[in-house]
Each structure stands twice: as C-alpha cells, then as structure tokens.
Amino acid sequence: DAGVTQSPTHLIKTRGQQVTLRCSPISGHKSVSWYQQVLGQGPQFIFQYYEKEERGRGNFPDRFSARQFPNYSSELNVNALLLGDSALYLCASSLAPHAGLTYEQYFGPGTRLTVT
Amino acid sequence: AQSVTQLGSHVSVSEGALVLLRCNYSSSVPPYLFWYVQYPNQGLQLLLKYTSAATLVKGINGFEAEFKKSETSFHLTKPSAHMSDAAEYFCAVSGRVDTPLVFGKGTRLSVIA
Chain C
18 DAGVTQSPTH LIKTRGQQVT LRCSPISGHK SVSWYQQVLG QGPQFIFQYY EKEERGRGNF
78 PDRFSARQFP NYSSELNVNA LLLGDSALYL CASSLAPHAG LTYEQYFGPG TRLTVT
Chain W
4 AQSVTQLGSH VSVSEGALVL LRCNYSSSVP PYLFWYVQYP NQGLQLLLKY TSAATLVKGI
64 NGFEAEFKKS ETSFHLTKPS AHMSDAAEYF CAVSGRVDTP LVFGKGTRLS VIA
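Top to bottom, those sequences are chains C and W.
The numbering used here numbers the first residue of the first sequence as 18 and each following residue consecutively.
The numbering used here numbers the first residue of the second sequence as 4 and each following residue consecutively.
These aren't lab readings, by the way, just hints derived from the structure by calculation.
All values reported here derive from a predicted model rather than from experimental measurement.
Ideal placement from N, C-alpha and C gives every residue a C-beta, glycine not left out.
Among the hints, erroneous ones may be present.
As the list claims (entries may be wrong) - Here are a few chain W residues that sit away from chain C, every Cβ distance over 10 angstroms (derived from the structure):
(1) 10
(2) 23
(3) 30
(4) 65
(5) 76
(6) 102
(7) 105
As the list claims (entries may be wrong) - A partial selection of chain C residues facing chain W, derived with a Cβ cut-off under 8 angstroms:
(8) 58
(9) 65
(10) 126
Given only the sequences and the hints, what does the whole structure look like? Please build it.
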C-alpha cells in the first residue's frame, strides 16, 4: 500500500512569494496534519484537518493556511514568504483525529522549502 | 498542555553497546507517548507508542521504551546498537482527544564501529 505522499520534494522560493505544498494521505485515512521542521529542531504542529474541516491550528501566523479536499488530500499555502519559513514541511495522515488506542500518525517524506 | 524534553542532543555509542535515549514529558492529562526515527532526508517513522496499556512497550528494530509515571519519563532503549541505527530520534506526546503531537528537539544517535 502507498504511504503518505507529498509534492514537490524540494523547491526554492524568493522572499515575498507564495507557495503551495500538497499531500495525499494513506488510503482510508481521513485526517491530515501539517508540521514544520526547522533544521535541528523537532517538528512543530501547524494544522490538522478532518473531514475537510480544520480541527486544530498551531501557533503560526495567518500567512499559513490549508485546506482539505473531498478525497482527503490537502494543501498547505504560505504567503509572503520569509527567510525563516525555510524548513522541511511534513504531512501526516491518520484514521481520525483521535482513534482511541490506535491514534497513530503516519508521516510523508516531506517537502524541503528554501526561501532565499 | 503537553511538552517533551529530550536529554542530550547527541548520543554516541559503540556498535553492540546499549542504546539509551532519554525523554521526559509534561502533560496535564494522561498522555499518549511516541518515539519516532528520522533518517537523513526522510520523513518520520514510528518506532513505538504507549497508549496506557503495558508500561513496557516493544517496537520495531529491537527498540523498547518504559513508561514511568512517577518519573514522567519514557526512555528508549536497545540492548545492542547496529550501524543502521544511526539517525535522529524524536520523542512526542499527545493528549487523548483531538490534540496534536508535541515533539522534543530530537537526539542524534551515532554508532561507532
């Protein structure tokens, strides 16, 4: 079975530009979460979506937005890019926001964003 | 609110030696606890998880972790390190309902031949 897929793998943007990152969850998973991982740090929660609705938002500015589509894939958008937005952006999928004892998130390989 | 502290940003062990990676957590509710591994230029792979069943949790690749409520710890161990274990390891905590994973800063494990 295919795991979580993300595209693109890498991209380079200039300050002030906008970027869209894409994520396809594992088949059957309805929840998608986005994390930002700055070099040398652990992942930090950005958004969680379940059944196309936002279920949680981390401490990120309004320049960050996301959405989930009817097929449960998701996009993360970042506007007015700053140098500090350079990071690995990870997408994770799970059956539900909380699946009892089976709460488990499966991570994709990430998109490496470099802002120059 | 939840938080995780991983003691030691870098741990180096000899091949065949015991691996011990330390994690302490803080949580206002009974926690779920996780260990993930990240190889260079890859995403995160779940090693094991604690979800209030047995306090000693066995995971993949010979790793295990013990939940100690009194010490608020969830340390990761492996009896004998392999070269292939060299990677970044992250401890994470979440609450029981609709709360995201909160990660520690990670511990880089080096294995010396």
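Now the hints, each set against the structure:
1. 10: Holds, because the least Cβ-Cβ distance between residue 10/W and chain C comes to about 14 angstroms, which exceeds 10 angstroms.
2. 23: Answer for residue 23/W: holds, closest chain C Cβ roughly 19 angstroms.
3. 30: 14 angstroms, holds
4. 65: Given that every Cβ of chain C is farther than 10 angstroms from that of residue 65/W, nearest at about 20 angstroms, it holds.
5. 76: Given that every Cβ of chain C is farther than 10 angstroms from that of residue 76/W, nearest at about 17 angstroms, it holds.
6. 102: 8 angstroms, violated
7. 105: The assertion about residue 105/W is violated, with a minimum of 7 angstroms to chain C.
8. 58: 6 angstroms, holds
9. 65: 6 angstroms, holds
10. 126: Interface hint status for residue 126/C: holds (4 angstroms vs cutoff 8 angstroms).
Of the numbered hints stated above, those contradicted by the structure are hints 6 and 7, listed in ascending order.
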